[in-house]
Amino acid sequence: MGGISVPDSGFYIISAIAIVLLGAQAVSHPAAFIQISIFGIADGAMYALVALGYTMVYGIIELINFAHGDVFTMGAYIGTAILGFFAVNENSFTTINLVALLLVFPVVMLIMGAINIGIERVAYRPLRNAPRLAPLITAIGMSFVLEGVMFLWHGPATVHVPDLLPHGPGFQTKIGGVFVGFKDVFVVVTAVILVSLLAVFINRTRLGKAMRATAQDRDAAQLMGIDINRTIAATFFIGALLAGAGGMIWGLYYNNIFYNLGFRTGLVAFTSAVFGGIGNIPGAAIGGLLIGLISAYSDYYIGSKWTEVVIFGILIGVLVFRPTGLLGMRVPDK
Amino acid sequence: MVRGRGLVILTFAAVVAFACGGGGGGSPASKGTIKIGSDLPVCTTGGQSTANGVKFAVDQKNASGGVNGYTISYQSFDDCRQAAYSAAAGVENVQSMLGDSKFLGMIGPYNSAVAQAEIPISSPQHFVMISPSNTNPCLTKEQLPPLPPCSYHAADLRSGNANNYWRVVTTDDYQGPAMADYMYKTLNVHSIGILDDSTVFGVGISGSFETEFKKLGGTTTHSEYQKATTSDWKSILLKFQNAGATGVYVGGTDDQNICIPRKQMKDIGWNVPFGGGDGIETSNCIDQTSGNEVGTYATSAGADATRVAGATATIAAFRKAFPGPNDFGGYTMQAYDAANALMAAIGRGINDANGSMPTREQVRAEMAKTKGFVGVIGTYDFDANGDTSLKIVSIYAVQQVSDPAQSTGVCGTKAATLCYVWKDQVNYATAA
Amino acid sequence: MARLHLRERFKDRDTAIFGVLFLGALVFPIVTMFATGSSALIAQAGHAGTFVLLAIGLNVVVGFAGLLDLGYAAFFAIGAYTYALFASAQLGSSPLHHSYHLPFWLMIFVGMFVAAAAGAILGFPTLRLRGDYLAIVTLGFGEIVPQLSYNLPQWTGGINAIGGIDQPSLPAWITGPWAGANSISIIQGAACRVIGSGTSFAPCFSFGFDPIAYYALVVIMIIAAVILVGNLYRSRLGRAWMAIREDEVAAAAMGINTVTTKLLAFAIGASFSGFAGAYYGASIGLVSPDDFLFIVSITVLVMVVLGGMGSITGVIVGALAIYFVLNTFLPALPPFVENLANNVGLGFLNTQNGDWPGLAQETQRINFLVYGLILVLMMLLRPQGIFPSRVREQELKHAAVNEDEAAVEQVHAS
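Here the protein sequences line up with chains Y, U and L, keeping their order. So in the numbering used here, the last one in the first sequence is 342, and the numbering has no gaps at all. So in the numbering used here, the last one in the second sequence is 791, and the numbering has no gaps at all. So in the numbering used here, the last one in the third sequence is 603, and the numbering has no gaps at all.
Honestly, the hints are just simulated from the structure, not real lab data. Treat the numbers as computed from the prediction; the structure is a model and nothing was measured. Please note: incorrect hints may appear among the correct ones.
Residues of chain L clear of chain U, computed beta-carbon distances all greater than 12 Å [as the list claims (entries may be wrong)]:
#, residue
1, 205
2, 207
3, 213
4, 285
5, 298
6, 324
7, 415
8, 417
9, 449
10, 509
11, 515
12, 554
13, 556
14, 579
In silico SDA-like pairs for lysine to any residue, Cα to Cα no more than 25 Å straight-line [what the hints assert, rightly or not]:
#, chain 1, residue 1, chain 2, residue 2
15, U, 500, L, 289
16, U, 773, Y, 162
17, U, 573, L, 347
18, U, 420, L, 534
19, U, 394, U, 430
Not close to chain U: a few residues of chain L, all C-beta gaps over 10 Å, as computed [said to hold, decoys possible]:
#, residue
20, 214
21, 409
22, 444
23, 446
24, 447
25, 475
26, 479
27, 575
Virtual Cβ for every residue (Gly too), placed ideally from N, Cα, C.
Could you put the whole structure together from the sequences, leaning on the hints where they help?
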């Protein structure tokens, strides 16, 4: 159906107003503005990692994978358990800390990848030809199962993640009134590395090509000899690698995790994916970053109680003016 | 890891049980069973540690022969639905208790919003409710200016019935000002950032803090957040810092993650005092501040155990019975007192009924007559509205201690030697 | 011929389920009062009724018209606040400085219209969005509405909620045994209020918080809703919804105005939650933003899908089943397990010991896991729901014959 065609101009006008208002703040109080931007970028980088998993899964099987946020939290829980085996030092950065860090990331990522393949196999694959909302409900169910496992494991209290990234006065600098810690740099650099690796994988490898083909047209892909089940499992695996890493980064950055952290983080990450154009990989990364920045600006300039309204208000606005998200493709309606 | 050990115990227990073939100990002949319930959000650490206090009181009472020959049976109702307290669930729990004539009273609820929904249902049935933790003033009285007027009225909640609701804690309008005085006068904080967690408790206590702090001549910046939507407080903290604040006051509870901002203050290199109400006087809070524990101050409604005769022994006995790190919370002893006050009223009710099972109205009438009740948090009466005469607020600060077992304030679970140490107390009963 | 028989059989099935549900609703209070001597279960059933109404309403949007709505709780909130604001002292402390006490019987319909209007206003600019983008818009709306009620305390009471909400009252001559055991004592010298003034015209009894009165009320409301929705479903509009659900392009080609039809589904679906909201506000006596969060939208969606999208009997059964699991089964589990342990001689498991938090607490912690597993298993066992709609079931049967076709359809379904 055609519907009412709303020009993009509305979208551009709103963006322009927002940029002018923020720009005025940036000029009048540059230190605070840059500081807030740093907070926003660090948060946004973590949202982006989770959003990628949502967008990949949605792109390939059109499922809003509600359990993905909990895969993220589970990554942090398992990572914390693994760190428990090391005699890490929270007060200064030791060799053990470095070894633990280098080890914990691949291990957590692989475990989460395996878990997510299991979830796909048990809860989504049997329903591939079922009514469209059936896998949505099992996704909600799996979300509760994962939260339930974490609740049973550590109860309702917050779990402390060892503060083993270099921190403290030696690893923080203040440049022109702006405070930058090693942790902020670490989060952004790690996220950029992971997203670049993903981009290389999707664009350069055979499996990546198969994933893109399956997302575009599953039947045609199947006719071309692509193993659909394997490709979908690979998508879940890679999504969970990123979410597991994201969870671990979150834990190391904030040092406090709790069993239902993923519920909210997942919702925001999913919003980011939609914001950028669901199914679009660079869109999810940019969407995550933007949502991180918008929340930080809103917390500071508008008031944190309005942040939720601002985020979702912008989301609705973007969808009204650009129904396929920021970077979404203009697919002709069938 | 932790759960793993639990399973081992379970398996072991099963083996032992089969080996012994059951066989419980014979208890002395009892005249019957009287039930008391609790309605608490036991899905949270705060709710569970409060329920532990009730359970401990009932177990102690039954071990010493029950109440006038009756055995007390305690049932803990959960007002959590899907991991958060729910007024509708609380209403259902109260209706369940009201439906069973053996229930003669309840401890709870934990959250003031739940009480607001439950009192109208329990009051026509004269069902005693004693809350260990409701601190919203409007449940029992009107708020006097300069505080904003109550949006609902205690008399409306009871709709003409006799008062059936008591609480053993002082209200927010004492706790907030106590910390305001302490921070302004003792810690010399004259400009402060106030953060509340958007719960009834958090908004109330931070409001009364703000009113008093302004009265003293301080300047304030207020911000709020919600657990469901906030995990990064750094922008808010920066806003406080840029507004010239030299301290932070938080109105809220640890299960809303209110102590995580304390940790994030370290991440942005801002080291100023961090104060709060009894919602942060918990182990979980000390854990949340992970690495930035010292410099945290909290108030507690009630006197410190070291200042009340016999209290230290009770706490030690409790700790022995409930050794888990989160078993003891800010309201555990309040719940213990509330349960004992209720059981005492039931005992007098049994006397009124000439040794048989009293009616709910008899228990209610006896509860209203409670005078000079000797509890762990002090010795107190209740006024006609159901408020305690005990208006002592204690102030604690997190410090390094040499022997956590001797500490009267709670300690961290990870940083086990960092505990809340008693600093000061304010008695509003004598001040007024 | 075989097809006709099939249809007859399904028709019988739905009639039979309705019959069982109706009889059950009549017998339930009598049996529980007799068996337990307490009205606690009836109170729970009354609260479950709220969710039945919500599920019936969401079924119009999701089941009939095939539009995924992830923010249904927002309309529920709008209905509940509409009643709460005009039937309590709340507006007296708002910038209006005048409180209203409009009667419940009027406000349920006002709540309905306000929620329907909200649905239409949200739907108008967004219904042209394809597939799941609409779901995201509703999700956003569902997040914004409770936030507004938190953030505008001068109007909504904010986190302190709106309390002291009026209960419905009826003229005294309507009272009877069905109106509850203590209705006689509730009859007062007070009288039914006339709209806008406090003058009296007839002696009245108030529902108070009598579970049986609310139970009777909600059963009547549900019956009315079922009749309404059933007729809608069989009407021209119902067939248009079905056509859009199956193939929007084809529906448009057949001359159906898809935007208006979808808008109507949205508005009518929302109106039932307005209905439910007014009832909820009256029966709990408290309307708080905490009651309308995302989790409520999710729960109602689960009820609809699990019960059987598009099937009225299915969603009623689904709503009752999920409500039972969440509010009766799971909370009852810890004391049950504790008693069981005591009876089989494992009583010492109940006391906590070191890292073992005690059997009851351990069982309480397992709640999430159990609920999640129930959802997953139910969906795997019956992907089309407990009682799928007859039409749907036939489609599925048809599709099973030609599986390739189903696979193709799945890919293009959006």
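(Q) For residue 556 of chain L, is the shortest CB-to-CB distance to chain U above 12 Å, so the non-interface label stands? (A) violated, 8 Å
Q.
Checking a non-interface call: every C-beta of chain U should be farther than 12 Å from the C-beta of residue 213 of chain L. Is that right?
A. holds, 20 Å
(Q) Using Cβ atoms and 12 Å as the threshold, tell me whether residue 515 of chain L really stays out of contact range of chain U. (A) violated, 6 Å
Q: Verify that the Cβ of residue 417 of chain L lies farther than 12 Å from every Cβ atom of chain U, and report whether the claim holds or is violated.
A: Residue 417 of chain L is indeed farther than 12 Å from all Cβ atoms of chain U, at 26 Å.
Q) Can we trust that residue 324 of chain L is non-interface, i.e. its beta-carbon lies farther than 12 Å from all of chain U? A) For residue 324 of chain L, whose nearest Cβ neighbour in chain U is about 20 Å away, the distance exceeds 12 Å, so it holds.
Q) Taking the minimum C-beta separation from residue 409 of chain L to chain U, is that value above 10 Å? A) holds, 21 Å
Q) Is it true that the CA of residue 773 of chain U sits at most 25 Å from the CA of residue 162 of chain Y? A) holds, 13 Å
Q. Does residue 575 of chain L sit more than 10 Å from chain U, CB to CB?
A. holds, 21 Å
Q | residue 205 of chain L and chain U, when compared Cβ to Cβ, separated by more than 12 Å | A | For residue 205 of chain L, whose nearest Cβ neighbour in chain U is about 31 Å away, the distance exceeds 12 Å, so it holds.
**Q.** Interface-negative label, residue 475 of chain L against chain U, beta-carbon threshold 10 Å
**A.** violated, 4 Å
Q. Is residue 285 of chain L truly not at the interface, in the sense that its beta carbon sits beyond 12 Å from all beta carbons of chain U?
A. Label holds. Min Cβ-Cβ 14 Å, cutoff 12 Å.
(Q) Can you confirm whether the C-alpha distance between residue 573 of chain U and residue 347 of chain L stays at or below 25 Å? (A) Given pair residue 573 of chain U, residue 347 of chain L holds - Cα atoms ~23 Å apart, limit 25 Å.
In summary, the numbered hints that this structure violates are 11, 12, 13, 25, 26.
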